[in-house]
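> Start from the sequences, fold in the hints, and give me the full structure.
Number of protein chains: 2
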Amino acid sequence: MTTLDAVLAHADASLDASRERLFDLLRIPSISTQPEFAGECVRAAEWVRDQLAGLGFQASVRPTAGHPVVVAHHPGPAGYKGPHVLFYGHYDVQPPEPIELWNSPPFEPQLVDGPRGKRFVARGAVDDKGQATMFIEALRAWHAVGGGIPAKLTLLIEGEEEVGSKNLEPFLIANKDELSQADVALISDTNMWNVDTPAVTTMLRGMVYTEVTLKAANRDLHSGLYGGSALNPINALTRILGQLQDDDGRIRLPGFYDRVKPISNAQRAQWDSLGFDESAFLGDIGLTAPAGERGYSALERLWARPTADINGIWGGYTGEGSKTVIAAHASAKVSFRLVSDQNPDEVYAQFQKFVNDRLPPGATAEFAVFSRGPGIEVSTDSPWIRATLDALSDEFGKPAVLMGCGGSIPVVTSLRSVLGLEALLVGFGLDDDQIHSPNEKFEQACFHRGIRSHIRLLDKLAAG
Amino acid sequence: MTTLDAVLAHADASLDASRERLFDLLRIPSISTQPEFAGECVRAAEWVRDQLAGLGFQASVRPTAGHPVVVAHHPGPAGYKGPHVLFYGHYDVQPPEPIELWNSPPFEPQLVDGPRGKRFVARGAVDDKGQATMFIEALRAWHAVGGGIPAKLTLLIEGEEEVGSKNLEPFLIANKDELSQADVALISDTNMWNVDTPAVTTMLRGMVYTEVTLKAANRDLHSGLYGGSALNPINALTRILGQLQDDDGRIRLPGFYDRVKPISNAQRAQWDSLGFDESAFLGDIGLTAPAGERGYSALERLWARPTADINGIWGGYTGEGSKTVIAAHASAKVSFRLVSDQNPDEVYAQFQKFVNDRLPPGATAEFAVFSRGPGIEVSTDSPWIRATLDALSDEFGKPAVLMGCGGSIPVVTSLRSVLGLEALLVGFGLDDDQIHSPNEKFEQACFHRGIRSHIRLLDKLAAG
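Order-wise, the sequence lines are chains A and D.
Counting from 1, position 218 in the first sequence corresponds to residue 218 in this note's numbering; the numbering is continuous, with no gaps.
Counting from 1, position 354 in the second sequence corresponds to residue 354 in this note's numbering; the numbering is continuous, with no gaps.
Honestly, I wouldn't trust all of these hints.
With a Cα cut of at most 27 angstroms, we get these calculated DSS-like pairs of lysine-lysine [to be verified]:
| # | chain 1 | residue 1 | chain 2 | residue 2 |
| --- | --- | --- | --- | --- |
| 1 | D | Lys118 | D | Lys353 |
| 2 | A | Lys176 | A | Lys81 |
| 3 | A | Lys323 | D | Lys215 |
| 4 | D | Lys81 | D | Lys176 |
| 5 | D | Lys261 | D | Lys166 |
| 6 | A | Lys176 | A | Lys166 |
| 7 | D | Lys323 | A | Lys353 |
| 8 | A | Lys353 | A | Lys261 |
| 9 | D | Lys166 | A | Lys323 |
| 10 | D | Lys215 | D | Lys323 |
| 11 | A | Lys81 | A | Lys215 |
| 12 | A | Lys398 | A | Lys118 |
| 13 | D | Lys81 | A | Lys323 |
| 14 | A | Lys215 | D | Lys81 |
| 15 | A | Lys353 | A | Lys215 |
| 16 | D | Lys166 | D | Lys176 |
| 17 | A | Lys166 | D | Lys323 |
| 18 | D | Lys215 | D | Lys353 |
Don't read these hints as lab results, they were simulated from the structure.
Written out as structure tokens, the structure is:
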């Protein structure tokens, strides 16, 4: 029996104990957005620290302006030549509300039977306590029977991911010398393709989230006395924003697509081979026909094409019945999901110009921007991603899928921009895990194979 | 001295007493929208009834489901051959709030000096207590020195004009036999062209006020996970409503203009001769350029052309900052001001078709309609309007202007549809009278000439 086999066998034999340790962590209601749970956040951080210290890590709970960050270092074996891996996770969770929709108390983890076998039900079961615990349990198995921690490692487990990680980037900057020693980041906070098929997420969309306000008259006007001669800013705003997309669903900001890379034939073929069921995807949300850009599949539109969505709009009278008013102003929140090399600042400027070029005489436009981050594309031919794909393929007996993600994971951008680290996004959640919703769950099979995958991945990475 | 001259001279000599009687009425806070003032509404109605009874009218305060209506009849002189005139007015007033912006208590009428001489300041000074009182004072002068009430008259003075007159039409229907005996209606609730130039309002716009809701997914969606493939109903709504007008400001509902009569050359010439100062009109509301339909003057757009205004719009996230949501639905309130022969039901159907024809796959639209009334155009060659114009021209020494009004006066529609009466709209307010606002005022000169004009008008109508 190889060392790897012994470590895997230990993990198999320890599954119940691993789950019980996860349940201990799940019992701590570390809800980051509710100030009354700040003490629980500290308790969760200390729990993580203690686990890592028990495995020989130099581990500490480090203060920030918000909830603390756990940082733990291990030098790996003597003479270690492989990459220094920084593992990122978070110990904080979303609030459980609405409580009444839970089938069991959200912070009393349950082991229940589901259609795919045992599952864990609790807030944080998968996001991200379950996923972070898998890595720690992989380390534990190595520590127990594999001769010790097999690689040079830093763990960074934060407590504010669910509230926007606003103190994380300052923390990275303040501790840059310490943290930028790593060679690559590993994050376990994403999904598999399905329960039998592992995945690495290599593309994340970025975003610019803006607000625009059109102003016209200096006060609300009576539509009878002024209608037909006074500029109506709601009409003007719909007229402008109604032109955001052309008849093919392409976004009409001049220059918007200049930095968007075409989808390669290889990429397209790989995604096509996944057999994504678009009608089931849409049917689940009550839609029958896809919207968006013509000429692309649903996965391509979600993972590799940018969007322009109006997330909110308001102006004039919005109460019951009628009021014959011409409003003085109208506003909208407009966000753009960005891909590959699109520059958020450029897109924001393009949007401002798009609106200003269409302003009717007498109107003015005011703009605000709430967030802007670029899309991320992880190189798919680094030695680390090859090691990752091999480890997953060994575990599952089939190739891992390279996925995109329509949303953004801001920490990936921070790790890249502050520490210069590429991120390997290897997660074991499923689409139906109900993260952020009542009855969040994690399949035991995913937890188990996640631990085994991390064991294999550490083996591959350590091999160089 | 003719009888007419004697009556006019009496009115001149009695001006202070006329004003004091108006002030008595103004001291009654007959605010129709505030239930605690219901008793004051009754008091105002009784005050009006008593004035008319004192002039020999058969006058009564008649109940409705809301505030009462005063109805008063007088047969006119023996052997009277002229038209039976129904005079409409209202004794209720708008609330005075915000009180702190008044320079004097709103229900303690003041006689103050203004740039055009004396003026009355109080809630209701012009709208409509001042205007209704002018007619009663004209009757009083005829009664005192003209040999009695000179025409067959019905007065209908309601108490719910400021809250939408919702009980008036039922009252007209219930009392149709009694009230439809009249030949023509006379309403004094509009404005002069300016302080030196009388006006008759002959065109009123109608309106259809609608609400449309676009629905897409069965719940709010995350814009990262669905953006680009899931229909965004706010994007769709702006895309549809953004097409309401073409580049020339013409409304694009098919068939919308089919029943809109062109403006006659005579009408256009008359309005052009008024020298309307469009830049002052717009400058007052902070605008520099007119909006709306190309090829028409501001007055033409306000008085004789239809509009499409979005009065309110809402959907998605409208709070502070950002939320990455794709809403499940989006709504707008859209109203159309109508002219001449446009049919409100047709226009509502045209709007529904306009939206439905542009619905993207997967979207549904729901509609509501809150009000619909046609535009009104009073014939300008009836004997009654000729008598009116002559009376005004005699009083002011210059022709009266035939004006339009961009808004609607619902009672005009009810008088026509229920009682079959055309309305003569002869008012003596000025644009700067601040009706519905703090420091509402009425120029004494307008009040005085209004009384004199009504005296002359009664003389003309009685003649035949």
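> Do the alpha carbons of D:Lys215 and D:Lys353 lie within 27 angstroms of each other, as the hint requires?
Holds: D:Lys215 and D:Lys353 sit about 16 angstroms apart, inside 27 angstroms.
> Would you mind confirming whether the straight-line C-alpha gap from D:Lys166 to D:Lys176 stays at or under 27 angstroms?
holds, 16 angstroms
> Take a quick look at whether A:Lys81 and A:Lys215 sit within 27 angstroms of each other, Cα to Cα.
Given pair A:Lys81, A:Lys215 is violated - Cα atoms ~63 angstroms apart, limit 27 angstroms.
> Assess, step by step, whether the Cα of D:Lys81 is no farther than 27 angstroms from the Cα of D:Lys176, and give holds or violated.
holds, 22 angstroms
> Holds or violated: are the alpha carbons of A:Lys166 and D:Lys323 at most 27 angstroms from each other?
It holds: about 16 angstroms lies between the C-alpha atoms, which stays within 27 angstroms.
> Between the alpha carbons of D:Lys118 and D:Lys353, is the straight-line distance 27 angstroms or under?
violated, 55 angstroms
> Are the Cα positions of D:Lys261 and D:Lys166 separated by 27 angstroms at most?
violated, 31 angstroms
> Please work out if D:Lys81 and A:Lys323 have their alpha carbons no farther apart than 27 angstroms.
The given pair, whose Cα atoms are some 45 angstroms apart, is violated under the 27 angstroms limit.
> Verify the proposed pairing of D:Lys323 with A:Lys353, using a straight-line Cα cut of 27 angstroms.
With Cα atoms ~24 angstroms apart, D:Lys323 and A:Lys353 stay inside 27 angstroms; holds.
> What's the verdict on A:Lys353 and A:Lys261, does the C-alpha distance respect the 27 angstroms limit or exceed it?
Judged against 27 angstroms, a Cα distance of about 23 angstroms means the pair holds.
> For the pair supplied as a hint, A:Lys323 and D:Lys215, confirm whether the alpha-carbon distance does not exceed 27 angstroms.
holds, 23 angstroms
> Taking only the CA atoms, is the gap from A:Lys353 to A:Lys215 under or equal to 27 angstroms?
Roughly 16 angstroms separates the two Cα atoms, so the pair holds.
The structure shown violates the earlier hints numbered 1, 5, 11, 13 and 14.
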